[in-house]
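Protein chains in written order, with my numbering: chain Y, 1 to 443; chain R, 1001 to 1250.
It should be emphasised that the hints constitute simulated quantities derived from the structure, not laboratory data.
Where is the CB? At the ideal position from N, CA and C, for every residue including glycine.
Treat the hints loosely; a few may be bogus.
[Said to hold, decoys possible] Derived list of chain Y stretches under chain R, where covered just means 3 residues or more per stretch with a C-beta under 8 angstroms from a C-beta of chain R:
| hint | region |
| --- | --- |
| 1 | 392–399 |
| 2 | 411–421 |
[To be verified] So, partial list: chain R residues that the calculated Cβ filter (under 8 angstroms) puts toward chain Y:
| hint | residue |
| --- | --- |
| 3 | Glu-1051 |
| 4 | Pro-1072 |
| 5 | Ala-1105 |
| 6 | Gln-1106 |
| 7 | Asn-1109 |
| 8 | Gln-1158 |
[Stated by the list, open to error] Taking lysine-lysine pairs in the DSS-like style, the calculated list, with each CA pair at most 25 angstroms apart, reads:
| hint | chain 1 | residue 1 | chain 2 | residue 2 |
| --- | --- | --- | --- | --- |
| 9 | Y | Lys-375 | Y | Lys-364 |
| 10 | Y | Lys-164 | Y | Lys-297 |
| 11 | R | Lys-1122 | R | Lys-1139 |
| 12 | Y | Lys-63 | Y | Lys-297 |
| 13 | R | Lys-1139 | R | Lys-1100 |
| 14 | Y | Lys-400 | R | Lys-1100 |
| 15 | Y | Lys-49 | Y | Lys-364 |
| 16 | R | Lys-1139 | Y | Lys-400 |
| 17 | Y | Lys-429 | R | Lys-1139 |
| 18 | Y | Lys-49 | Y | Lys-297 |
| 19 | R | Lys-1100 | Y | Lys-429 |
| 20 | Y | Lys-164 | Y | Lys-127 |
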Amino acid sequence: MNQSEGTLIRQLVSDHQPAETSRDENPWLSVLKKEAASWFCDMPLPNRKMEAWRYTPIEFINKTAFSLDAEEAPFEALAPSDIEELLLPGSETSDRIVFVNGRYAPGLSCLETGNGITLHTLAGDSKLPSGFKRQIGHADLSGRFFFTLNNALMSDGAVIHVNKQGSERRRLELLHITVGMPDPVIHNPRHLVVLESNASLELVERYTSLGKSSYFNNAVIDIHLSEESDLLHTRLQEESELAQHLSHLTVRLEARSNYQQVSLASGGAWSRTDAQIIFNGEHAHAELDGLILAGSKQLNDVHLEVLHEVPNCTSREHFKGLLSSNGKIVFDGRILVARDAQKTEAALNNENLMLSRSAEVDTKPQLEIFADDVKCSHGATVGELDPEMLFYLRSRGIPKAEAERMLCTAFANEVVSRISETPIRNHAKRMVLQRLANQGEMA
Amino acid sequence: MLTIENLKAAAGEKEILKGLDLQVNAGEVHAIMGPNGSGKSSLAHILAGREGLDVTGGSVSFDGNDLLELEPEERAAAGVFLAFQYPVELPGVNNTHFLKEALNAQRRNRGEEELDSVAFMKLVREKMELVSMKPELLKRQVNAGFSGGEKKRNEILQLTLFEPRLAILDETDSGLDIDALRTVSEGVNAVRSEERAIILVTHYQRLLDYIEPDFVHVLADGRIIRSGDKTLALELEKKGYNWITDSEAA
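So that you can see chain Y by itself, here it is in the shape it has in the complex (with noise of 0.2 angstroms):
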């Protein structure tokens, strides 16, 4: 085998089954790592041929020897204190389930169980109960590289639980903490997220790291909304500048249920986020708004699909692409409507605002519609700073850079500011000023 084949990444694999096989806590979970690096084996890596890989390069698997955290863990050795600048403002005591380099940190997360929320991990507990083992075997591994990668080395995940409780909606924020090694390493956190009927939740979920190292975090999160449950989701990429991250995300929509994102994607040198939303009952509705920062060094990638399989379901898609220095932005959002699935009303946008001349966007919305009744609209757009605005700024007195943050900010809060949460609103925002302010060569 030769470089190109992703050699690193499969000895890395095949080494790491018998050692885990023979002392696993879980058996289900071995069967299913087994029956994933088989598969993998067989599956040729990603590459430009590939319409899902077309514009996004990853010879970084190829360079890297990526190994597996040692067992004793780091998190071992970090205190709450250690965290505490990484926490977002206010939300010290409220409910947090953090993972440390791919793995539960039961003494840093806090989270008051009852009230309708439990908590399952797949390291450290034997006794899930078996339709949750289920819904993580459920997957299907065929064709998705790096998702079978994460099958095939995954060691722990949150299996979060929630019942209609009261009317109120709980926040809970699963963080993830990457503590620098000397060495890259990868991670495979495997998480499962089911909210039963009438059940809400505001999920915060959020990837950051202690210091600067290389790492790849490579994570799948599977949610599944059942009959009218209702979730707010906030995704915030914060990963560090060395690291490569790669989110799966799937949702599934029962009937009459509701799903909110908001997504914003700023850290990495290389990040995607693949993203599934599917529509398995009537009546559902999803909303996404993403915002994509791409500075120097950067390439951030949005795979989005949005199948309509059931009739009368709504749907809005809405993410935007910031650009300076040679940042890339990669956007592939598609839409699908099956041929049942009539009255679908569903929208997809992508805009992007390029502040310099050698960043680069490929974007391509798609839709495709198998039913006739239904009303769809998708498109794209890419564009600098209106010279208009600026000039109508300058000539009140604010000096040019400023008056070029102001318009920036403005475009990023369209989306930031549906983030309900205040702190995190605040937080989100702060990570835009920083990412203009750190950006400085603008033009």
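Fit chain R to the supplied structure of chain Y, relying on the hints for placement.
Okay, now just chain R, sitting in the frame of chain Y:
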């Protein structure tokens, strides 16, 4: 205050100003009238520092300094204000935030102390009343979704807020009904003072009923071809621009 000498300007290949002279002193109100395409608006924008209009000759001095050397934001801080004919919409930029940033940026530039939120809000409310502007327009995005009249009031609000030394009003009367025209004029008259000068760029005599000019100039084909007092405007209204442009040609 403002001395324009033999000013020549072009947009790309097209000559717009062909040797324009104008002297404006503190305390004066000048009306610049003229047919479409005569260069009135271009003159206003050149004074404010718009890119894309190239000065090819002549000079503009403002309080003894070379105005053309200054960036647009420096001109604003020095006291030059342009009320736009078509105020620009800024989606996503809050109007209060914009007004406060602008005022404080000018103050910073002049080495003056910035206004805090409380002082600013007090000031802006006062001025809004003066131009009969609905308070909720402060919470909106700058000019976005404003009616034509609301946009013009927002310009005059800025005029009263920034209190510039030289205010240039580019066809501020266009698209206004009589009531709006009256309140906008009241705003302009309120800032009229011995230290301040105003240049009104307009098509119509109507505005000058409300804001009485000291001088009226006719700009045609990139030059000022006739200057006079306010009676010149009345005569223009009656006889049309051809009266002068034809006599010039003759």
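Straight-line Cα separation of Lys-1100(R) and Lys-429(Y) no greater than 25 angstroms? Within the cut-off at roughly 19 angstroms; holds.
Interface hint compliance - Asn-1109(R) to chain Y, C-beta minimum distance less than 8 angstroms: holds, 7 angstroms
Just to be careful, I want the Cα atoms of Lys-429(Y) and Lys-1139(R) compared with a cutoff of 25 angstroms; is the pair within it? Roughly 19 angstroms between the alpha carbons, so the hint for Lys-429(Y) and Lys-1139(R) holds.
Restraint satisfaction for Gln-1158(R) [CB to CB of chain Y, less than 8 angstroms]: The hint holds - Gln-1158(R) has a Cβ within 8 angstroms of chain Y, the shortest such distance being about 7 angstroms.
Keeping to a limit of 25 angstroms between CA atoms, is the pair of Lys-1139(R) and Lys-400(Y) held or broken? With a Cα-Cα distance of about 24 angstroms, the restraint between Lys-1139(R) and Lys-400(Y) holds, given a limit of 25 angstroms.
Under a C-beta cut-off of less than 8 angstroms, do 3 or more residues of the region 392–399 of chain Y approach chain R closely enough to confirm the stated coverage? Coverage by chain R holds here, the residue count being 8 at a Cβ distance below 8 angstroms.
Can you confirm whether the C-alpha distance between Lys-1122(R) and Lys-1139(R) stays at or below 25 angstroms? holds, 15 angstroms
Between the alpha carbons of Lys-164(Y) and Lys-297(Y), is the straight-line distance 25 angstroms or under? Judged against 25 angstroms, a Cα distance of about 45 angstroms means the pair is violated.
Quickly compare the C-alpha distance for Lys-63(Y) and Lys-297(Y) to 25 angstroms and report which way the hint goes. holds, 17 angstroms
Between Lys-164(Y) and Lys-127(Y), is the straight-line Cα distance small enough, at 25 angstroms or below? Distance ~23 angstroms between Lys-164(Y) and Lys-127(Y) Cα, so the pair holds.
Could you grab the alpha-carbon distance between Lys-1139(R) and Lys-1100(R) and see if it respects the 25 angstroms cut-off? Holds, because 12 angstroms separates the two Cα atoms, which is no more than 25 angstroms.
Are Lys-400(Y) and Lys-1100(R) close enough, with their CA atoms no more than 25 angstroms apart? holds, 16 angstroms
Hint compliance for this structure: hint 10 alone is broken.
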